[in-house]
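Listed here are the chains, written in short residue letters.
There are 2 protein chains.
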Amino acid sequence: MNIMEGGSITSPKGFRAAGVHCGLKKQKKDLALVVSEVPCAIAGVFTKNIVAAAPVLYGRALIKRKVAQALVINAGNANACTGEQGYSNAQKTAELVGKVLQIDAQLVVPSSTGVIGYQLPMDKMEQGIVQAASLLQHEGGSDAADAIMTTDTFRKQRALTVEIGDKTVTVGGMSKGSGMIHPNMATMLGFVTTDCAITSDCLQLIVSDVTQKTFNMITVDGDTSTNDSLYVLANGLAGNREIKDVADPGFGEIYDAIYALCKYLAIEIARDGEGATKLVSVHVSGAKTPEDARVVAKSICGSNLVKTAVFGEDANWGRILAAAGYSGVLFDPYGVSISIGSSAGLVKVAEQGTGTGFSEEEALKVLQEDEIVLEVKLAEGDAEATAWCCDFSYDYVRINADYRS
Amino acid sequence: MNIMEGGSITSPKGFRAAGVHCGLKKQKKDLALVVSEVPCAIAGVFTKNIVAAAPVLYGRALIKRKVAQALVINAGNANACTGEQGYSNAQKTAELVGKVLQIDAQLVVPSSTGVIGYQLPMDKMEQGIVQAASLLQHEGGSDAADAIMTTDTFRKQRALTVEIGDKTVTVGGMSKGSGMIHPNMATMLGFVTTDCAITSDCLQLIVSDVTQKTFNMITVDGDTSTNDSLYVLANGLAGNREIKDVADPGFGEIYDAIYALCKYLAIEIARDGEGATKLVSVHVSGAKTPEDARVVAKSICGSNLVKTAVFGEDANWGRILAAAGYSGVLFDPYGVSISIGSSAGLVKVAEQGTGTGFSEEEALKVLQEDEIVLEVKLAEGDAEATAWCCDFSYDYVRINADYRS
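Top line first, the protein sequences correspond to chains A and B.
Position 31 of the first sequence, counting from 1, maps to 31 under our numbering, and the rest follow consecutively.
Position 395 of the second sequence, counting from 1, maps to 395 under our numbering, and the rest follow consecutively.
It should be emphasised that the hints constitute simulated quantities derived from the structure, not laboratory data.
All of these numbers come straight from a predicted model, not from anything done at the bench.
Take these hints with a grain of salt, some might be off.
To be verified - Here are the simulated SDA-like cross-link-like pairs (lysine to any residue), alpha carbons at most 25 Å apart as the crow flies:
| # | chain 1 | residue 1 | chain 2 | residue 2 |
| --- | --- | --- | --- | --- |
| 1 | A | K66 | A | K26 |
| 2 | A | K365 | B | I399 |
| 3 | B | K48 | A | K64 |
| 4 | B | K377 | A | Q85 |
| 5 | B | K48 | A | R398 |
| 6 | A | K64 | B | L330 |
| 7 | A | K48 | B | Y334 |
| 8 | A | K48 | B | K377 |
| 9 | A | K26 | B | F358 |
| 10 | B | K48 | A | K25 |
| 11 | B | K48 | A | Q352 |
| 12 | B | K348 | A | G381 |
| 13 | A | K348 | B | E84 |
| 14 | B | K348 | A | Q119 |
| 15 | A | K348 | B | G83 |
| 16 | A | K25 | B | D332 |
| 17 | A | K64 | B | A379 |
| 18 | A | K348 | B | V115 |
| 19 | A | K213 | A | I63 |
| 20 | A | K288 | B | K377 |
| 21 | B | K124 | A | G355 |
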């Protein structure tokens, strides 16, 4: 597997994209279009929030057709809590794209992100769609990745190549996150393209499984969004023999590539969480089951007290153990050891559930780095999991106290 | 039922208390002693965090004896994650109190609050216990309430009187909260005394039920502490006929008094949450079951995004609906209406799941007050519940980024 330099969602063969400003946000790009030359197998996962946005309701139904050709994504307006008009605006958006691209509107998947509770201004949307369609290009991936950002501070995109038989298959993707990030099915918005030939059913298998280990393992603020969606489009232009079954050659390779890409995109969302100054990886091992490990890791990642302590560079391991303790998973508190690590070293702060009498100075040196690892070892079994979050700073409060203004 | 002016945990007959500084905290009082003239019926509820502090483990076992006479509470050190030595220090604390007061050590209930992971300095504890015992007085309730505070900014105490038969029964109490507040059984620390004659079993019934509606309905930061404990002591000195059964005269009266007191103490904890600038009551009605109403209300109270919006005085109702949506309770999003109220008025911000086009100016006026009510009406049934939290400010981050230093 290789990471492509400058790779994006348009790196796979046959994909073009554009990102434009149509006035949903004050100045920044706010509308992205991603189009494949030919129809694609599609798979997707969505928020489990029962207050799901109109494009989520629309997209859930759409992907049952298993085929799609274009993605249209707007930032600045979530089209959530917008009732029937919202749903009809999602449909209208797809129709506008279909008309401009001269493809069936049912091949167009709309997504939205931004503020909840306002109707999409369809005149601006139309103008943006027309403009974006005229700018579609193979090099347009970065513009699209820019156009889906809300409070994100940097674009999130990557592409990988993998060999399947004698063919090179490329997987590209982009995501956006920042706030209201505590995915329960998928991140706020994630998009993956590939030129791999693979059926929609196989793609769905991969995406559902990969999401559990990547996007569903990050948290910024514990708030599960109304708009979480992850779509994967595969157009088959790499020319490999179509993957129709988990036992087919190439299934493992494309699984690994999609996993690696989704993991990267998920971690970048955690790193760029609202107000984040540090990326925190929580690795839980020694759990009885993988699900136990996941639940404990996510509970620690979800603790405001753990995250403010990391922001304050304070090795307050008691908060880590307390957060594990209220996760709902049963374990022996006196079997737990905890280490705090970074590129500056690794300090064991607790053993057998109590403090080790570690050097605070050493711990501070470790915590001053930008990427922190919290290693939590239980004594219940062999299962492990990793979750990712950011620290919790003043800026989270500042950003969210005046989000709408 | 009457609220006593200047009432405290020592207002019921036969209770004395003291609060002293013994050096666990830098300058403030950090050790409280509450003693009854005669042995009391005792009941208690505790944290469900499986990483429970030593005094919680000790207290859980102790209250099975159903009788107690003294409470000893220290702040500045939670005696949590301290292993066997921690447990033995909790026991030692009770023994020291028993020796000084010349009562059986098994009648003494120890509680701790403060930083996790350090052994109690028993020499300081002993010194504090001896000093507190020498200062015990009927007017000592406020000193005790001061001595149990950590990052609390004001003491929390109250006393009520209620008539049972021809006797006046008094109920007094104190609590502390501030951070790591998301009780799952009881608040961090709460203590209630009464001179009511009532059996320990009846008292336990009342306390378990009342806790569900009061302390378990508040949240500051979603972190369930290792030390949550609520104890109620009843010494019978009011002279009423002993309440031995829920059907006995006076059960309803003492239930109501304990409920009113616990509700008051719980709300005061939410009001004084770390960094709080506003008290938020979330009232959910129209739910299918009381449990559904409680879960939705707590989910909204637990949302960082709702709480930062309240801090920013932003009527961002979409976040309220989103937090209800991920609570796990099933409801029709398009049956929901939301109003935001305070002493400055009531503004309906959403109806049938979408915005009402309310006046932002009016909403701002409502949100500028110190006490905010979020009214969330579902369309599923008749059940309702109220939860309480504070808003989420810069100061929460400041306080928790350097808690240990």
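A quick look at each hint next to the structure:
For the given pair, K66/A sits about 36 Å from K26/A by alpha-carbon distance, which is inconsistent with the 25 Å threshold. For the suggested pair K365/A and I399/B, the alpha carbons sit about 21 Å apart, so the restraint of at most 25 Å is met. Between K48/B and K64/A the CA atoms are separated by roughly 43 Å; this puts the pair beyond 25 Å, and the hint is violated. Taking the CA atoms of K377/B and Q85/A, the gap is near 22 Å; set against the 25 Å cutoff, the hint holds.
Between K48/B and R398/A the CA atoms are separated by roughly 33 Å; this puts the pair beyond 25 Å, and the hint is violated. Straight-line distance between C-alpha atoms of K64/A and L330/B comes to about 24 Å, which keeps the hinted pair within the 25 Å bound. As the CA atoms of K48/A and Y334/B are separated by approximately 17 Å, the hinted pair is consistent with the 25 Å bound. The suggested pairing of K48/A with K377/B holds, with an alpha-carbon distance near 21 Å, which does not exceed 25 Å.
Between K26/A and F358/B, the direct Cα distance comes to roughly 23 Å. Compliance with the 25 Å bound is thereby established for this hinted pair. The straight-line distance between the Cα atoms of K48/B and K25/A is roughly 46 Å, outside the 25 Å bound, and the hint therefore fails. Under the criterion of a C-alpha separation no larger than 25 Å, the hint pairing K48/B with Q352/A is consistent with the structure, at around 20 Å. For the hint linking K348/B to G381/A, the alpha-carbon distance of about 52 Å lies beyond 25 Å, and the restraint is violated.
Between K348/A and E84/B, the direct Cα distance comes to roughly 20 Å. Compliance with the 25 Å bound is thereby established for this hinted pair. Among the hinted pairs, K348/B with Q119/A is consistent with the structure: their alpha-carbon atoms are about 18 Å apart, no more than 25 Å. Between K348/A and G83/B the alpha-carbon distance is near 17 Å, which keeps this suggested pair within the 25 Å criterion. Of the supplied pair hints, the one linking K25/A and D332/B is violated, its CA atoms being roughly 30 Å apart against a limit of 25 Å.
Proximity of K64/A to A379/B is assessed by CA-CA distance (about 30 Å); at most 25 Å being required, the pair is judged violated. Of the supplied pair hints, the one linking K348/A and V115/B holds, its CA atoms being roughly 19 Å apart against a limit of 25 Å. Restraint check: the Cα-Cα separation between K213/A and I63/A comes to about 22 Å, which is no more than 25 Å; the hinted pair holds. Simply put, K288/A and K377/B have alpha-carbon atoms about 41 Å apart, too far for the 25 Å limit, and the pair is violated.
Annotation: proposed proximity of K124/B to G355/A holds, straight-line Cα distance about 21 Å (limit 25 Å).
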